[in-house]
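K.L.:
Here is what each chain is made of, one letter per residue.
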Amino acid sequence: MTRLLDIKDLHVGLPAGGQRKYAVEAANLHLNDNEILCVVGESGSGKSLTARAIMGLLPKPHVHIAKGSVTFQGEDLAAASEARLRDIRGSEISMIFQEPMTALNPVMTIGNQIDEVFRFHEKMPAQERRSRALKLLQDVQLPDPEQALGAYPHQLSGGQRQRAMIAMALALDPKILIADEPTTALDVTTQAQVLRLIKQMQESHGTGVVFITHDFGVVADIADRVAVMQNGLVVETGTTDEVLRRPTHPYTQALMAAVPSLIPRPPRPRAEERVLRVNALTKTYRSGGGLLGGKARVVHAAKQVTLDLTRGETLGIVGESGSGKSTVARCIVRLTDAEAGEILLGDTDLRPLGRAAMRPHRAKIQMVFQDPFASLNPRAKVGRIIAQGPEMYGASSAEARDKALELLKIVGLDDRAYDRFPHEFSGGQRQRIGIARALALEPQILVADEPVSALDVSIQAQILTLLDEIRDRMNLSMIFITHDLRVAAQVCDRIAVMQRGEVVEIGPTAELFANPQHSYTTELLAAVPGKGWFASETKPLTEAS
Amino acid sequence: MQFWRLFSRNRSAVMGMFILIAIFLMAISAPLFFPADPFSLAGQSMSPPGANGFLLGSDSLGRDVAAGIAHGAKTSLLIGLLATLVAVFVGVIMGALAGYYGGVIDNLLMRTTEMFQTIPSFLFAILLVAIMKPSIESIVIAIAVVSWPAVARLVRGEFLSLRNREFVQACHTLGMGDVRIMLGEILPNCLSPIIVIGSLMVATAILIESGLAFLGLGDPNIMSWGFQIGAGRTLLRSAWWVCTFPGIAILLTVLAINLVGEGLNDALNPRLRDRS
Amino acid sequence: MESSQRRTRYVLKRLFQAIPIVFAIVVLNFFLLQLAEGDAVDVLAGEAGAATPEYMAELREKFGLDKPLVVQLGVYLKNVVMLDLGYSFRHDMPVSELIFDRFFPTLLLMTSTILLAVGFGIVLGLVAASGLNTWRDTVISIFALITYATPLFWVGLMLIVVFSLNLGWFPTSGMENFAMFYEGWDRVLDIAHHLVLPTITLSLFYLALYTRLMRASMLEQAGQDYVTTARAKGVTERRIVFVHVLRNALLPVVTMAGVQVGALIGGSVIVESVFAWPGLGMLAFEALFARDLNLLLGIFLLSAILVVAVNLIVDIIYSTLDPRIEMA
Amino acid sequence: MNFKTLLMGATCAVGLALSPLSALAQNAGGNLVYLVQPEPPSLASFLSTSGPIGLVAPKIYDGLFEYDNDLQIVPSLAESYEVSDDGKTITFTLREGVQWHDGAPFTSADVQFTVMEVLKQVHPRGPNSFREVTSIDTPDDYTAVFNLANPAPYMLRALSSYESPMVPKHLLEGTDLRASDLATNPVGTGPFTFVEWRKGQYVRLDRNENYWKPGEPLLERVVGRFIPDASTRTAALENGEVMYGAYGAIPNIDAVRLREQDGFSVTTDGYSMINPMALIEFNTTKPPFDNPAMRRAVSLVMDRQFLIDNIWFGYGKPATSALSSSFDKVGLYKAGLPNYPANGDLEAAIKQLDDAGILPDANGVRANVTLDLIPYGEDWRRAGEYMKQAMKPLGIEVELRYEDVPTWLNRIYAEYDFEMNVNFFYQLPDPVLGVHRHYGTDQIRQGTHFVNASRYSNPELDALLAAGAQEPDPIKRGEIYGEIQTILANDMPVANLFEMEFLTVYNDKLVNHATSALGAYGSFSEASITE
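First to last, the sequence lines map onto chains A, B, C and D.
FYI, the working numbering numbers position 444 of the first sequence as 444, with every residue one higher than the one before it.
FYI, the working numbering numbers position 99 of the second sequence as 99, with every residue one higher than the one before it.
FYI, the working numbering numbers position 147 of the third sequence as 147, with every residue one higher than the one before it.
FYI, the working numbering numbers position 443 of the fourth sequence as 443, with every residue one higher than the one before it.
Same shape as in the complex, but just chain A (with noise of 0.2 Å):
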């Protein structure tokens, strides 16, 4: 076993007049060949740019190395030029980025960028280069190396983007391979895929690999050792089976329990009241055509979509992007016009209802989003942002006030939040805010679309909790979109599963997960990562915290 690395004493500087002197505060890790150390935390915690100040690439000149050594092979990269770093980036360290889309050049086909490793570290014949590029994409299994050579980044799917990364990065046979969260962007099955190419390059190359991920599944399936970083701090290392099994700092131990089972929640009784029925749903999507146009593309968003949902039940639709669940949930709400259909509210059929027709149920179906950044106007201060939906409704200012009022409480924020503009609050503040705002017209039926996949691990569980607070006091229906099996394990009675706009199987969570009749279904539940690893010792969410 050989040290690659060992970074001692690592402080990166942030730009003075900021919050925080340092983004990593005497940071020790070190990395042995062949294996793969993950270094996990949630955001601004500093993992990513302890990567990057392996490699030199801290974005400059803001934020720099203030301190400690980073030592490859006995030479301090801390302390070397940026042509010693330019040679050794690329042959002798590595690296591979989240979305692949931005971190390939656009304009450039793959070969040519595969090709630039080779020309400025090698010198060989152009042949050679070629042959070598299309060896390396046969490597990662891309389907059609010889094509995807010639190809230019968007015309690869996100998985083959990254595998295409991924060659690139192994392209001299580095020793060490940073991946800054690869995963992250990709749908599970993808994921999984991804995660099993690494491991197996890695072990195939005898490479050590920089893990950097948010992700404790990820860590579980693929890591030889972990790192956990809090605020800019290496809380706890250790080997995988010590730091997940045995934490030892609070926050690890904190960050633990908030990772939800995969284990289903027992199941609740289901009400006999049916609030919302769905039938037949059907959305096209279609695009280019037209005049001279040639061929239409159609995307069939949901294809004959059947629903229902009770009083007081949680509802999940999972599935992966494309899979039309976000669809169906727009279409529920009407944000979208579905073609076909009937959308059961009650008796009405909401789906043919015009503008007007529409307005007086717009009330009892209300809707989460799930990124808190878009989702609040910037410009509206959070009291208007809560009390607007009943003022139009009718209620007076001060009616309209004091609901805002009462509601940022049920919602865990005090009053000082009112008068306050939504860039002031951070993510899990403002998913607050928007079920606030959500609740302020007492719909019946929430519709949550991935409300907690943008936010960290910890705060995800805090809102889930406040969630089934909220349902459980307000007798809510709720349909809860995700991909994230071991979310909809925790929250859902019930599940439907689509893929490609139809819903495959629809049951009770627990019936689904122990017993998966759709064979995608099965998929999606092989492919959740850190299976096995969590399951036996947390207890189901709703007991946590």
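Because the hints were derived from the structure by calculation, they are not lab data.
A couple of the hints might just be wrong.
Unchecked claim - Computed cross-link-like contacts, DSBU-like style, restricted to lysine-lysine with a CA-CA straight-line distance of at most 30 Å:
1. B/Lys133 - C/Lys62
2. A/Lys303 - A/Lys364
3. D/Lys351 - D/Lys88
4. B/Lys133 - D/Lys392
5. D/Lys329 - D/Lys317
6. A/Lys67 - A/Lys123
7. D/Lys329 - D/Lys351
8. D/Lys88 - D/Lys120
9. A/Lys60 - A/Lys8
10. A/Lys60 - A/Lys21
11. A/Lys381 - A/Lys409
12. D/Lys286 - D/Lys199
13. D/Lys392 - C/Lys62
14. A/Lys364 - A/Lys381
15. D/Lys120 - D/Lys213
16. D/Lys169 - C/Lys78
17. B/Lys133 - C/Lys13
18. B/Lys133 - D/Lys169
19. D/Lys120 - D/Lys329
20. D/Lys392 - B/Lys74
21. D/Lys317 - C/Lys62
22. D/Lys213 - C/Lys62
23. D/Lys120 - D/Lys476
24. D/Lys317 - D/Lys476
25. D/Lys476 - D/Lys509
26. D/Lys286 - D/Lys213
27. A/Lys67 - A/Lys21
28. B/Lys133 - D/Lys199
29. A/Lys8 - A/Lys199
30. A/Lys8 - A/Lys21
Claimed, not checked - Examples of chain A residues toward chain C, derived with CB under 10 Å:
31. Asp87
32. Met108
33. Gly158
34. Leu233
35. Thr237
36. Met358
Even for Gly, the Cβ is constructed at its ideal location relative to N, Cα and C.
For chain A, the structure is supplied; the task is to place chains B, C and D on it using the hints.
P.N.:
Relative to chain A, chains B, C and D alone:
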């Protein structure tokens, strides 16, 4: 204030703002310092700067160039601001409707916009002024007519991207009316780029006015920098000051507005905030 | 094969879409010009010295100006469809001939201006962006702004005074030496010699635009992830700037260049006037004041077609620069 | 009164051609580039008297006569002429051996056709100049006999190549004169043949090898250039790219500057045939200028010398009458008339108005008026701006209006929708040609440009004008015009401001370019470039 802190980081923008304030003050205080009609024949004609009591010289009729610049500042700024206001007003309406509703309305409005952009703009301004006869009003209208398409395109783009943002959708789920969403929710969020493009448009309007005046299409009854340049251009070789000083006034103003515009852009555009 | 076919279809589609716009421009200007007082006959008669009302009526009949507006418009549009732009009242010759004669000089000035402005704008923007917030950046930004803010005719006249009169390097005006009437390559050189000052004057105005756009675009692209990727590959900074960033940063510049063409035809009126350049802008200007309706409409028509054509070319350039854009 | 036969041999012309200077120049030849501003609408000088046409067409066409700088007749296509005792028959003897540029011979038939079918029909001033001509006899190819209804002494002053160009019958007969190909492709007998006209750039004329004057023209080529911007025109002249600019092509301010420089000269010669006069036309049919006192007051308050000194930079002469003082030579001008103070007389103007009962209101305003400005250049705008300031102390508040040519023409001459209008007129070599059109009741012709737009109508004056036109006796004629001028000085339907002096600015290398009274409207046949 955050905005001011960001803005003041850009030193040239602050300088531009001070120049602009100075020009504003000059425009406002012109009647104090130069109480006489700037057209009045104040003394010896073609006096060089400093001679015969003319700070910046006099023109061929013995009019005070300095008085003309001071009084002209008001006209030039007024033309710039009014034309921009009209253009922004029209452009925002067209762009908002097109971007918000999309589809046929968008198609129709954008074809119209495209049409106006396809007509050579300066030529079109000349044509409009010639038809409406040279006056402040016609110049303002002409400049506005050739300027609004840029605003419309910008606003359309902003509306197009904002209308699908989740906070707008949240308003839909509340059952909010279109006009209220457009004016109350979306518009405030695209004010920054509108302010930036508007500020640059003021500068362009001032340049267009001087160009029209050069071609003899200025308002003969109102003192403006364009008028002074038009009146002094044949004297350029014999009495350089007559048209050079108003030219410098235009240059400084346009420069200042552009600097301020860039500063606004840096301060208002969050994407650029972290740089420099 | 398939892509070239698609491209052809795309071009046809775009041209097809442009037809209503071009027609709308003609109709709009037709009616606008009707709002102007006086007509071509007034001008002709006024210039001739004195003319009797009978003679003027006769002229109006000859020009078809006595017919109802709708009929005049109908006749004009019918002729346009038959590719006949009509007869210039003032110049007493076919509009197409007149325009054709001015088209080459216009195209020459336009092309050289765009090339110079875009070329230098790209270089200056690149230099400014690569030395962000250094003296180079400041000097370039201020230079660009000053050239933009200086009234065009002032620049033109000053260039004439300095480079023609004082230094004697370039002729003051015109497109050729009319004392000598060179032929062959001498003529080409002569025209190029005459082209220098007007091109510089006109491009100085647009230079600022491209410099600023290029600078902003470079800065924006420099912050993109793929730049970090390239850096992580060990690619040199030079290659990052010139290969990775440049090509992406050029995209908005190309778009802007397309938009500018329309403005350029009209915007060159002043430069054409100052340098006596025989372009369409000046012709249109004179046609307006001579109420030479057919000629003016012809010029608007041509410039609209030119803009459409240039935009199409820009789109095609764009699609080769940016593989993400598919022409459909 | 009998006109004596004037016989002029070709000797005179030959003598000129053999002068040492010309001989030198002949070797040099040279290409002359000169300024034509603005670009002419056509080259049909038989259809239009538009100024820029005059700068080009006389190089291509000849007239029957030319006139020297003393306005004396110089033979051209007519070698001699004879006036009968009753003045009603004029016999022209034409030059033999003259060819059109296409090779056809020039004969008396061309003269007959030109005058009877062309000039009398379609020329703007022809119907007036030749109104007494009833027919023309052509006893042989080289004799043309004009038969007149009444004596028309002024006609002999209107036979120049500019005013009455001889045009080819064989190319024009039977065609629509107004749509003639000759308008853009002229064929004449003049010293230069038409080669090419590139619109917006130049018109090129090359030497006529078969010109009838031996040894002429001296120049190889004459190119008229069009440069829209005045400052650029000056620069081009300074740079030697052009060598000659007339009729205001070079702004006076630059002329004054170039006058002081080596290598350039400025002359006011060559404009004696046109007699330009700057003036204000009043709309006499509606208030406030229906009141002669208002018109007199405006005339009184104008500082004519200020206009000349500051806007025309010293070129011009204050007007003192309805007629230009240049008519003094022929005894028609009357001096010492009231209401034309050279330096303005504010007090007299105020007194005029006070006496007429036009009193200022509380703000000191007696009248609000709009002043239209002739859209023929910046100088007129400056003049308007001056006038606005000049009338202010008089209590007349002026709003300036500056419109483009067609709008302005329409307003003044068709709509009559104006109050006062700054303008200039050519008074031409005889008042009948250039002055009568302002004042005669018969000249109130709606829709016709540059006639009596004031709509001033005075039967007494009409009678005097008619008498003046036909009076052959110079003394009596002078008396008639004296009365006319007295009436006009009092009624002041038009306030003459100053006698304009047009400038010709030229490079000193160019010699012998101003040998005729027509100046720039002449032929350049004797001009040459010396090194």
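K.L.:
Does A/Lys199 sit within 30 Å of A/Lys8, going by the straight-line distance between their CA atoms?
P.N.:
With a Cα-Cα distance of about 27 Å, the restraint between A/Lys8 and A/Lys199 holds, given a limit of 30 Å.
K.L.:
Assess, step by step, whether the Cα of D/Lys392 is no farther than 30 Å from the Cα of C/Lys62, and give holds or violated.
P.N.:
The hint is violated at about 47 Å.
K.L.:
Using the nearest Cβ pair, does A/Gly158 come within less than 10 Å of chain C?
P.N.:
violated, 14 Å
K.L.:
Take the C-alpha atoms of D/Lys286 and D/Lys213, compute the straight-line distance between them, and say whether it is at most 30 Å.
P.N.:
Roughly 56 Å between the alpha carbons, so the hint for D/Lys286 and D/Lys213 is violated.
K.L.:
Against chain C, is A/Asp87 within 10 Å by beta-carbon distance?
P.N.:
Holds - the Cβ of A/Asp87 comes within 10 Å of chain C, reaching about 6 Å at its closest.
K.L.:
Can the restraint linking D/Lys169 and C/Lys78 be considered satisfied, given a maximum Cα separation of 30 Å?
P.N.:
violated, 38 Å
K.L.:
Hint check: B/Lys133 vs D/Lys169, CA-CA at most 30 Å. Holds or violated?
P.N.:
violated, 45 Å
K.L.:
Is D/Lys392 close enough to B/Lys74, meaning Cα to Cα at most 30 Å?
P.N.:
holds, 23 Å
K.L.:
Measure nothing beyond the straight line between the CA atoms of D/Lys213 and C/Lys62; if it is 30 Å or shorter, mark the hint as holding.
P.N.:
violated, 41 Å
K.L.:
Does D/Lys213 sit within 30 Å of D/Lys120, going by the straight-line distance between their CA atoms?
P.N.:
holds, 28 Å
K.L.:
Is the interface hint for A/Met358 satisfied, with its Cβ closer than 10 Å to some Cβ of chain C?
P.N.:
violated, 35 Å
K.L.:
Starting from A/Lys60, check that the Cα of A/Lys8 is at most 30 Å away, please.
P.N.:
holds, 22 Å
Hint compliance for this structure: hints 3, 6, 7, 12, 13, 16, 17, 18, 21, 22, 25, 26, 33, 34, 35, 36 are broken, all remaining hints hold.
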